[in-house]
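2 protein chains.
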Amino acid sequence: MQNYVITIGRQHGCGGRIIGKKLAEKLGINYYDKNILSGLIAEDCGIAKETVDEMMEKHTSSFLYEIASFGKEGPLEEQIYLSKNKIMKKLADEGSCVIVGACADYILRDRKNLLTVFLYGEPESRIKRIVEDYKDASSMTEHRLKLVDRKRANYYHFFTTKKWGDRKNYDLLINTELGIDNVTDMLEKMAIERFGGEVNG
Amino acid sequence: MQNYVITIGRQHGCGGRIIGKKLAEKLGINYYDKNILSGLIAEDCGIAKETVDEMMEKHTSSFLYEIASFGKEGPLEEQIYLSKNKIMKKLADEGSCVIVGACADYILRDRKNLLTVFLYGEPESRIKRIVEDYKDASSMTEHRLKLVDRKRANYYHFFTTKKWGDRKNYDLLINTELGIDNVTDMLEKMAIERFGGEVNG
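Chains A and B, in that order, are what the protein sequence lines are. Quick note: the first sequence uses the working numbering, first residue -13, plus one each step. Quick note: the second sequence uses the working numbering, first residue -13, plus one each step.
Chain A on its own, in the form it takes in the complex:
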């Protein structure tokens, strides 16, 4: 069977990376997220990983931003997106995998064995999770949560022209209030049912 890919888009603090890692482990396939990808992109483009990290969420559709970045940051960000595009397709060709974030659902949309997932949740529990699990207690508020989501939505929209989190773009949208383990198990079962018994990458 051809490799399969599970992409996971997610609101900030939904446990997307935790679920993605557990899922890949259970299925015995590779796992990638923005952090891993930015390391590969940095290597590919010959620039510092820190610069890639910064650029990988930066593109907004703000008109002022467009002007401010004209001839400056814009091209580098696009270069980074193109590198990400190339690397992601190569990784998907090399073996089955779970990819969290990074517009993977869009970049890999033409693959045959693809399951696209979007995770969302209630602000209260997302804030709680960020503070507890991610050890990022630096004044996380509902307002800050919205800003991070807005950034992701803008980035996604800029490169895909589609609406982030809109059900039209996904096979499956899950509220992680159902429980991290429940959601992981459900996705595992979906992958097995969808891609056949022999799911190992």
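Note that identical chains are pooled: a pair holds if it fits in a single copy or bridges any two copies.
Computed cross-link-like contacts, DSS-like style, restricted to lysine-lysine with a CA-CA straight-line distance of at most 25 Å: (1) 137 <-> 154; (2) 114 <-> 154; (3) 114 <-> 98; (4) 20 <-> 72; (5) 44 <-> 76; (6) 44 <-> 75; (7) 20 <-> 114; (8) 132 <-> 154; (9) 44 <-> 149; (10) 149 <-> 132; (11) 8 <-> 175; (12) 98 <-> 148; (13) 148 <-> 72; (14) 7 <-> 175; (15) 20 <-> 149; (16) 12 <-> 175.
Hints listed in this document are in silico derivations from the structure and should not be mistaken for laboratory results.
With chain A held as given, fit chain B onto it using these hints.
For chain B alone, coordinates are given in the frame of chain A:
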């Protein structure tokens, strides 16, 4: 364990009723949909089932409709909604069940053991399914499909003030392009994981 309820909202032609019935059968619990409920409502209100059927999708938020129906159809429709509300809560108290449509996610929103699902799909395959499975080949077009969905959305919005199909109102949104059996199996597994091994109503 307290009874549990799985509600299934769905776009027209997604296979919601087929999935709901199969799911209830697999879990060994009761199954209800608009057709069954309207029979019970007709009995409760002492009016013809045909009248209930007609009223159960009729409320729109159109201003002209409001004026046209002032003091006429409006009250009866609301009476029917109130009866549905009462009957649905009673059925949920009596035993675990799957309920397709009928704003069940909203009416039962305060129940503890509740899983709210929304099913959607691509127009092409929904039209194909309506023609093949539902034997309703009467000039089903993408336009007509949209009209039915619009009707459902208006009805839902009128009584709940919420947006039909908006992920905020559901635990789980699934594109039935994944396959009727896959979706059914996944929901069965989710129910077992969510409500414990002893899921029989």
